[in-house]
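> The primary structure of each chain is shown beneath.
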Amino acid sequence: MASCVSETDADLCILGTGVAGMLLAERTLAQGRRVTMIERGTPMTWEDRLRQKSHKDPLAFNVSPLNSPHDSPERVYEFEPVYNLGGSTNHFFGNMPRFHPAHFAAEPFGGASRRWPITYAELEPYYVQAEQRLRVAGHSERTPFTGRFDYPLPPHRLAPMDRACEPIFGAEHVMPVPTVRASASVDGRPACCGTSTCGLCPVNAKGTALNTVYPSIRDRVDIKTGLLATEIQCRNGRVTSVTAVDRDGDCHTFRANQFVVACNGIDSCMLLQRSPDVPKHPSLGRYYMDHPDFDLVMYGTGLKSRPGYGDSAQTGMVTTFFEQVAPDLPVSMLGEIKTGIFSSGRPPIGIPTDIVSARDFVINDLLGRSARGSSKGRDLRARFKDEWQATVYVRFLVETQPLEDNTVSIKSIEANGQAIPLVRLRYPDYMGECIDRVTRFVRAKLSGVEVRHVTNETGVQHWLGATRMAETSKDGCVDAQLRYHDVENLYVLSASTYPSCSSANPTITLGALALRLGDHLKAASESAGG
Amino acid sequence: MSDFDRRSLLRMVVAVLSAAGVPLPRAEAAQTEALVALLGLRPHEQRWLSVLTADERHQLQSALATPGDAPVAPRTIELLGRLVSRRSRLFAFLEYPQVADTRSVCDGLMRE
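Those protein sequence lines, which keep their order, are chains A and B.
Going by our numbering, the residue at position 358 of the first sequence is 358; the numbering climbs one at a time, nothing skipped.
One rule links them: number in our numbering = place in the second sequence (from 1) + 1000.
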């Protein structure tokens, strides 16, 4: 039997070193409390990742990506977390829009309740704090809804393609996208260079957990790396310890007053599922969500879009359908104006992206349009330039509904301790309707435009909903304070707690929840006499 | 062999080679010129055509010179793509400002 090492007590033990866990750690340290963090991966630096051209972790229990069969035979659902220090902000795109206030209280639509047990108003001050801390670049006046906004960095300039979208979608609905792709140099990081290889930023301009929060906590938190948490032990409604295994199979036990599961939205769920002492609420592993998306390219718009020009891979967003598409289709869609699709080069670093394939699709279409017979005295180059300059490319993220049968479960547990997920995720029934509505909307605005549906994805690596928030354990796993129902000192800080998913990228909402949880944990500890 | 016989023999050889699609120097130059004009290439960009074989250039020139508004064949698009979709070619074809250092990681989007 592997030996078991007992580790030092802390006030707070955080499982996972992603951006949420790090923000929580920093806030807890500021309160004068002791923090231990458990991280399954190695402490790779940004330089290490550039050198190896990937985020892959060398430890055997950190295999990524992992695939699950999807509802269509031609597709798989790919789960690709980053399993090392800093988690998935290492490879995320970096968009940071807030959820719309209406999304916290939306009525059900073809699925379970979408209601959050907290309001936007309660979370707003934490949104501001998280945006300040993570150095989000954004426009504090040009926003999708009225609220308090105070972005620390100015927005990227809108690209020509963004401006071309204004007459299509409404000038009031095209605005700078809030993002951690830096618009100016900050904290020793340069501004975004516009290569559109954000999966591994070549110049470290993109804000990540590693380059924003980690420097501040590195020397003040006990961070244990290379340890995979495998079980949470409870007694009498309290967590007593957490067990983790190292690369040699030896186990380590951690004790603390409070425990926070801050892994990604799938591994957080699986850790709770594999821990026999943790109560199995009916919603655990259910109501899983991701954001499917679809890309539309518009040819012959007559607008001067100048694809290939822009300060960053994405500078503008379309909010026409953000609150909801329509009263009879009350789901949210957020448009991403994909300037980066047209960057001039192939990705120089071996991170797979969709840039090359989407660009080639468009180039082939434009060559076909340009090469048609009647030249009217103009050579192909002149026609191609005109076609290119009038092309607009927009991706739409679509809100998916929390469905009971969309699930995360444990397919198997490897000998080294890694839990392999099985994800069941049904494509929303209304996807086709969403695509049609946007297409009709565009055609109504621009006569003669050709709108092509380029591609769609089952999900964009937003892992949501499988440990959802609700007021009671009948309906959810955690309460409004993210406390796991029926376990006094266990919390889940992950996008798996979202009861609904909006169409906004989830990270800044998670950052806000992290800071709010930090304040709550201090109060809870004091009230318990801790 | 008489001069007449030599000329007849040469004409016969040219006719056979031409029928077999073998490019001949003068015909090839004319074809290249026509293709350059159809594409709108600058003189220094003629070398782009070297990625295509003589036969492929012939196919492309025939396709582009054919009048009418019918959809373009996939083969034509494939040949055009080989000419202009490479990283060093596309923005030049569009007459965007040249990227200073094609080996730099930061030759992505153009800045206004």
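Heads up, a few of these hints could be off.
Stated by the list, open to error - Some chain A residues flagged as far from chain B (calculated, every beta-carbon gap over 12 Å):
no., residue
1, D11
2, T45
3, Q132
4, T230
5, G237
6, L329
7, D436
8, F441
9, V487
10, D519
Stated by the list, open to error - Taking lysine to aspartate or glutamate and the EDC-like style, the derived pairs with C-alpha atoms no more than 20 Å apart in a straight line are:
no., chain 1, residue 1, chain 2, residue 2
11, A, K474, A, D250
12, A, K224, A, D519
13, A, K224, A, D246
14, A, K385, B, E1045
15, A, K522, A, D277
16, A, K385, B, E1112
17, A, K304, B, E1095
18, A, K224, A, D250
19, A, K385, B, E1056
20, A, K385, B, E1028
21, A, K304, B, E1112
22, A, K385, B, E1078
For the record, the hints were derived by calculation from the structure and aren't laboratory data.
This structure is a prediction, so every number in the text was calculated from the model and none was measured.
Here a beta-carbon is modelled for each residue, glycine too, at the ideal position from N, C-alpha and C.
> Each hint should be assessed against the structure and marked as holding or not.
Hint-by-hint comparison with the structure:
1. D11: About 43 Å separates D11 (chain A) from the closest Cβ of chain B, which puts it past 12 Å; holds.
2. T45: holds (18 Å)
3. Q132: holds (27 Å)
4. T230: Its Cβ never comes within 12 Å of chain B, the nearest being 39 Å, so this holds.
5. G237: Given that every Cβ of chain B is farther than 12 Å from that of G237 (chain A), nearest at about 53 Å, it holds.
6. L329: About 34 Å separates L329 (chain A) from the closest Cβ of chain B, which puts it past 12 Å; holds.
7. D436: Check passes; 24 Å lies beyond 12 Å.
8. F441: holds (27 Å)
9. V487: V487 (chain A) clear of chain B: closest Cβ-Cβ about 47 Å, beyond 12 Å.
10. D519: Non-interface label on D519 (chain A) holds, nearest chain B Cβ at 40 Å vs cutoff 12 Å.
11. A:K474 x A:D250: violated (37 Å)
12. A:K224 x A:D519: It is violated: about 24 Å lies between the C-alpha atoms, which goes past 20 Å.
13. A:K224 x A:D246: holds (10 Å)
14. A:K385 x B:E1045: holds (16 Å)
15. A:K522 x A:D277: At roughly 25 Å apart (the allowed maximum being 20 Å), D277 (chain A) and K522 (chain A) break the hint.
16. A:K385 x B:E1112: Since the Cα atoms of K385 (chain A) and E1112 (chain B) sit roughly 18 Å apart, the hinted pair holds (cutoff 20 Å).
17. A:K304 x B:E1095: holds (15 Å)
18. A:K224 x A:D250: holds (14 Å)
19. A:K385 x B:E1056: Cα-Cα ~24 Å, so violated.
20. A:K385 x B:E1028: violated (28 Å)
21. A:K304 x B:E1112: holds (13 Å)
22. A:K385 x B:E1078: Roughly 18 Å separates the two Cα atoms, so the pair holds.
The structure is inconsistent with the numbered hints 11, 12, 15, 19, 20, although it conforms to all the rest.
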